[in-house]
Amino acid sequence: MSATVADMHDSHDHHGPVHTGIKRWLFATNHKDIGTLYLVFALVMLFVGGLMALIIRAELFQPGLQFVDPDFFNQMTTMHALIMVFGMIMPAFAGFANWMIPMMIGAPDMALPRLNNWSFWLLPFAATLLVSTLFMPGGAPASGWTLYPPLVLQTGDAFPFAIFAIHLLGISSIMAAINIIVTILNLRTPSMSLLQMPMFVWSWLITAYLLILVMPVLAGGVTMLLMDQFFGTSFFEAAGGGDPVLFQHIFWFFGHPEVYIIILPAFGIISHVIPAFSRKPLFGHNAMVYATACIAFLSCVVWAHHMFTVGMPLAGQMFFMFATMLIAIPTGVKIFNWTATMWQGALTFETPMLFAIAFLFLFTIGGFTGVMMAMVPLDFQYHDSYFIVAHFHYVLVPGALFGAIAGCYFWLPKWTGHMYDERLGKIHFWLTTIFVNLTFFPQHFVGLAGMPRRIPDYAVQFTNFNMMSSIGAFGFGFSQLLLVYVIYKCVKGGAKATAEVWDNPEGLEWTVPSPAPYHTFEVPPVYTPRYGATH
Amino acid sequence: MGAQAMTTDDDNRRRKIRTNAIVLGLVAFAVFIGFIMLMGLRG
Ligand code: HEM
Ligand SMILES: [Cu+2]
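Chains as they are written, first to last, in the numbering used here: chain F, 1 to 535; chain E, 536 to 578.
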């Protein structure tokens, strides 16, 4: 079948890429090249999805309809979410996985390098296909990223294309997940036990299993939509004996684990950044592993908390309410352990650490609003309001995205061999953090006061908060240009980075020079745990 | 890429990598198909 890393002998005497120019990227099998491709792609998609967000925020700057018609507005909310979830944040973490997992576990590469190439190269085509639906007769899907029937079945010609794009994105994720699991389990240096693996590796191992469990369910769900539309089935059509609510169950059986697929790799990155800048080992490494596994398990049994208002038996409401609230326990363990890692540490506040600390505070705000919404009677008020929008943006932006940005600053010197501009990094941090709060905090208030989500117009009393939100969004968007500049500058030059980069951080990735050579660990390194054999 | 010297160890590793990857792929496929069939069966 596919080639494995052990087959790749043609590169024996090379120290750099086999191909040069465009071919290096098209035919890339090196995990570092593919990691770079993923990260660059994610950065581009951040701006594509961001542009859509700004169209939404421009329209919502004032009540009434100014710029776009309502149907296009809903196409924007749908595409913004799909692009950000499948095109930006998931590829970003896949990029980190490619770059860092082999180096962290002392492997020469990913286990299935050609599959890896395919996982990546499906993405640009899938994303282009998805965006191209905007230009088809009838426009892109306007159902929201949740794709609920019957609404989504009213999509014009674009419908099958959008579904196909989602299938491709799903296949890409599944292949990446398989590759990651196999790499971790089969290519880890023999001297590193499972429990000794760094947290980023652990969180990706668990995430990859979640992906294999739920991506096929999403694929199944959207295939059933396709069959209802074109092949006369009635899975979701009441007239034919089906039930549209079934789709909601299917979607959220995927959807809730999906939000943890997004956040767990960020948890992993934070678990590296905080110890490095506290100059202490991660507090409770094993507890972190168990908490992550626990979160992943629970995330599979809470999906109907998205459907309280649809109507369900009391026992169902109770189960999903309590199961959801249980997730706060392992999540609390993690927050506690990060805090305890900093306790009495020799802290310094370089840019990655600033993003990690902001993550701690702001992700926790999102976690708290989550617990609020998990309570059934309260959710009847919050559901489908801007309060939900505030919740998930707090966990996704200063949560997942800040995790990715922290990781980017943390490992940039390892990737490029240069230190990034610390002063610009700090400016980027402060702009981003101020604007993210300006954007999303007011949304709690308008949501509580009753402003619905996914509607292009609103009652006049919500105007002030919406104006703040829109100003924040534009500020946030433009601040990210600074991130691009910092990365560009760092790639081009800067102070030389040492192998360790930071102050004696833990991990095999810091034992190789910066920039990391094209091939690392061709012979499995001997891993000696730094802090005794206790973890 | 893995320029480690070829040994029986490598052979074993390669076999394991392939077996594991195929098994995981089959699991994903089974979830996909099994799921649709299950939903179809519910009447
Ligand atoms: C303590 C942890 C969390 C709890 C208790 C929680 C709870 C909830 C609940 C009950 C809803 C549904 C609200 C409604 O529609 O009425 C919801 C929505 C949502 N949550 Fe969370 N959540 C948590 C963490 C997260 C995380 C970590 C993420 C992502 C990184 C996330 C992303 C989302 C998204 C995207 C939605 C909205 C989905 C949609 O309707 O489009 N949540 N959350
Ligand atoms: Cu959920």
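A few of these clues could be false.
[Stated by the list, open to error] Within a straight-line C-alpha distance of at most 20 angstroms, the following computed SDA-like cross-link-like pairs (lysine to any residue) qualify: (1) LYS551/E to LYS489/F; (2) LYS492/F to GLU422/F; (3) LYS551/E to LYS492/F; (4) LYS489/F to ILE427/F; (5) LYS280/F to LEU185/F; (6) LYS551/E to GLY241/F; (7) LYS551/E to ILE427/F; (8) LYS551/E to GLN344/F.
Derived by calculation from the structure, the hints in this document are not laboratory data.
Results of checking the hints against the structure:
1. LYS551/E to LYS489/F: 43 angstroms, violated
2. LYS492/F to GLU422/F: Given that 20 angstroms is the threshold and the Cα spacing comes to 15 angstroms, the pair holds.
3. LYS551/E to LYS492/F: 41 angstroms, violated
4. LYS489/F to ILE427/F: 15 angstroms, holds
5. LYS280/F to LEU185/F: 28 angstroms, violated
6. LYS551/E to GLY241/F: Between LYS551/E and GLY241/F the Cα gap is close to 46 angstroms, so the pair fails against 20 angstroms, i.e. violated.
7. LYS551/E to ILE427/F: Distance of about 48 angstroms is beyond 20 angstroms: violated.
8. LYS551/E to GLN344/F: 45 angstroms, violated
Violation of the numbered hints given earlier is confined to hints 1, 3, 5, 6, 7 and 8; the remaining hints are satisfied by the structure.
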